Amino acid sequence: MVPSIEQIKNNLKKSNFLLDCRLPMGYSQGLPILSIKNGCLCITFPYLKYQTTGEVDKTLVYPIRYAVTLELPTEKIIGYEDYEYRDAFKNIDFDKPVGLFRHKAIQQYDENQYNEIRKELMGEYDKVIQSILENADYTVSDEKRMRKLLQLLVEPSLLPMYQVIDIDFYKKYLSKG
Amino acid sequence: MRFAPLFMTVRGNGNKINLRTKVYVIITKKKEQKRGFKMFDFTDLNFDFDGDGVMDSHADFIDSDGDGVLDTAAVDTDGDGILDTVFTDSNQDGMWDSVLMDTDSDGIFDTQMSDLDGDGIMDTTGIDSNGDGIMDTFHSELDLDHDGIVDTIIEGNDYNQDGTIESQTTYCDTDGDGQFDEVVKEYDRDGDGIMDDVSSFQDFDNDGNEDMEIRERLMDLDGDGKIDTYVVQSDTDGDHEFDTLEVYEVDAETGELELVPISVNTMGNVSGVCVDDLENFDPANADPDAVSGDPGRSMQEWEFQGETGRCALYSQKFVIEELTNQEIDIEELADLAEKNGWFSEDSGTPLLNMDKVLEYYGVHSDMSFHNDFSDLQRDLEAGKKVIVAIDSDEIWYGENDDLFTPGDGPNHAVEVIGVDHSDPDNPMVILNDSGNPNGCGEMVPLDTFLDAWEDGNCQMISCM
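These protein sequences, in sequence, are chains A and B.
My numbering numbers the first residue of the first sequence as 344 and each following residue consecutively.
My numbering numbers the first residue of the second sequence as 43 and each following residue consecutively.
Any given hint might turn out to be false.
[Unchecked claim] Here are the simulated DSS-like pairs of lysine-lysine, each with C-alpha atoms no more than 25 Å apart in a straight line:
#1 A:Lys439 <-> B:Lys268
#2 B:Lys381 <-> A:Lys433
#3 B:Lys426 <-> A:Lys439
These aren't lab readings, by the way, just hints derived from the structure by calculation.
Small disclaimer: the values here were computed from a predicted structure and weren't measured.
Construct the entire structure; sequences and hints are all you get.
Shown next as structure tokens:
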């Protein structure tokens with residue numbers, strides 16, 4: 344039985360492993376990255392910080408700082424990384440915001456509408472996972488929809504980091520080209 | 043926004059203090075009633091309180107500036123040989139215009155009353171709410187137009203006990219119709235002595251709701267210690283959303299405002315809590331049988347964390363001070379936590395490190411996750427102190443559908459100091475929230491608290 348992405352997220356959130364990583368309070372899961380590593384499907388959850396300022400569309404978005412990677416469907420944790428120590432990110436000041444939430448493309452959506460879109464995107468992740476692990480049907484339109492939703496929801500200011508973290512995922516779903 | 047100030051009700055660090063001593067009369071409940079008390083206009087301060095013909099008090103009159111005019115009276119009001127009251131006539135008009143009192147006879151002056159508007163009536167009360175010898179809570183009832191009716195009420199707090207007020211709220215009746223129609227809230231967020239966050243609320247139609255809000259802030263965006271940015275926002279239609287935003291540079295050399303609008307996107311951190319709708323617990327008016335915990339006691343330890351990420355440190359400090367009765371210096375505590383790797387000024391505190399300072403100070407604590415609210419309430423009723431991690435956005439900004447984040451993790455630590463079941467259908471969780479300038483005894487609806495707590499895996503640190 345392949346767990347849904349929501350189950351995977353919640354299991355990780357409640358795991359002792361994550362607690363033991365001692366991420367400072369305020370970091371939460373960003374949109375995950377799917378990848379194939381040595382023939383195994385893996386999912387990487389980036390962790391970043393949002394700081395509400397009390398003003399609409401002026402919530403501060405900070406760089407992705409940490410990442411936890413799991414193998415699917417076992418949910419075995421195979422990696423944890425603090426990007427402060429990755430060479431590619433040596434010039435990033437993780438304590439300075441890189442953008443504002445909501446970005447322009449999603450300013451039309453209120454909290455409920457945003458959550459609905461995000462929920463639909465999580466469903467698209469599930470389709471990819473099930474197609475790989477259970478050979479479930481997966482169509483071109485599914486892939487297009489996932490691309491569209493990801494490009495809508497991922498903070499533009501975080502795209503360069505997604506590109507560095509996983510160039511294949513970035514090219515498949517996030518690059519505009 | 044509350045347009046109804048409390049009269050002669052001093053709210054110091056959450057305590058409601060009714061001022062009553064032998065030498066003055068107080069407590070007015072309605073604006074029309076007599077306010078404050080008329081200061082003595084005689085020089086004899088020796089009293090026979092019990093009418094037995096023997097003077098119970100003794101006063102020494104002093105010429106403090108050596109000009110030949112008596113201007114200070116040092117009084118032992120109860121005749122116990124200990125000075126407990128000092129009257130001063132600072133303008134030498136023959137009327138005492140300020141008085142300093144030791145109301146609990148512990149040898150420390152804890153109350154100060156003065157005549158701020160110069161009408162001969164004591165209109166301002168200062169209270170030392172925690173007995174450290176520093177007046178930290180102020181309440182003024184002023185009659186600025188001298189028509190005999192209070193038209194301005196000012197409440198101020200020196201939360202960090204540095205002798206300077208960091209938070210002040212002013213209620214004004216600008217048109218003299220007996221209704222308070224303007225409220226100005228001022229905060230000194232960085233503790234430099236300058237009120238750098240000022241919001242004014244106008245109630246044009248006297249319905250008790252704001253019709254307009256203007257918020258002004260002075261900010262140091264580049265962190266060099268100098269104010270460089272002035273931000274003005276206005277909500278002109280009273281819908282609780284700002285309609286305009288203007289940002290100006292401040293000339294660092296002259297301090298003058300340069301009316302050159304700059305892009306909002308370059309502002310960086312514009313943090314500010316917007317939690318004006320949250321009420322504060324009032325121990326004096328609460329039904330003790332309906333309240334779990336001892337919020338009145340806990341509120342005495344509350345402090346505002348300012349623009350720091352020290353919420354978990356402050357929560358632990360509150361608990362340590364409550365349980366050990368020792369005063370902890372937050373700077374020393376932050377130093378300790380940073381040196382040990384439990385905390386970082388830039389990033390804050392990890393969940394699992396939220397009990398490290400408690401442990402260091404010898405406070406026994408148990409950290410657990412995935413608790414029910416009944417667990418939390420049980421510990422409060424057992425006299426334990428409870429710290430939790432929450433998603434503060436749910437509490438501070440929960441009702442605005444346009445103000446949310448994709449983040450669903452805990453980002454803030456608070457002390458839960460009680461639960462008020464006075465309204466059984468709407469129980470309120472009482473917090474010592476160091477992240478809110480008015481977070482002393484912050485009242486949060488139970489459902490809202492549960493949503494915020496769930497984001498923190500229902501973590502709980504119980505201390506005893």
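- Item | Unsatisfied constraints (hint numbers, rising) | 3
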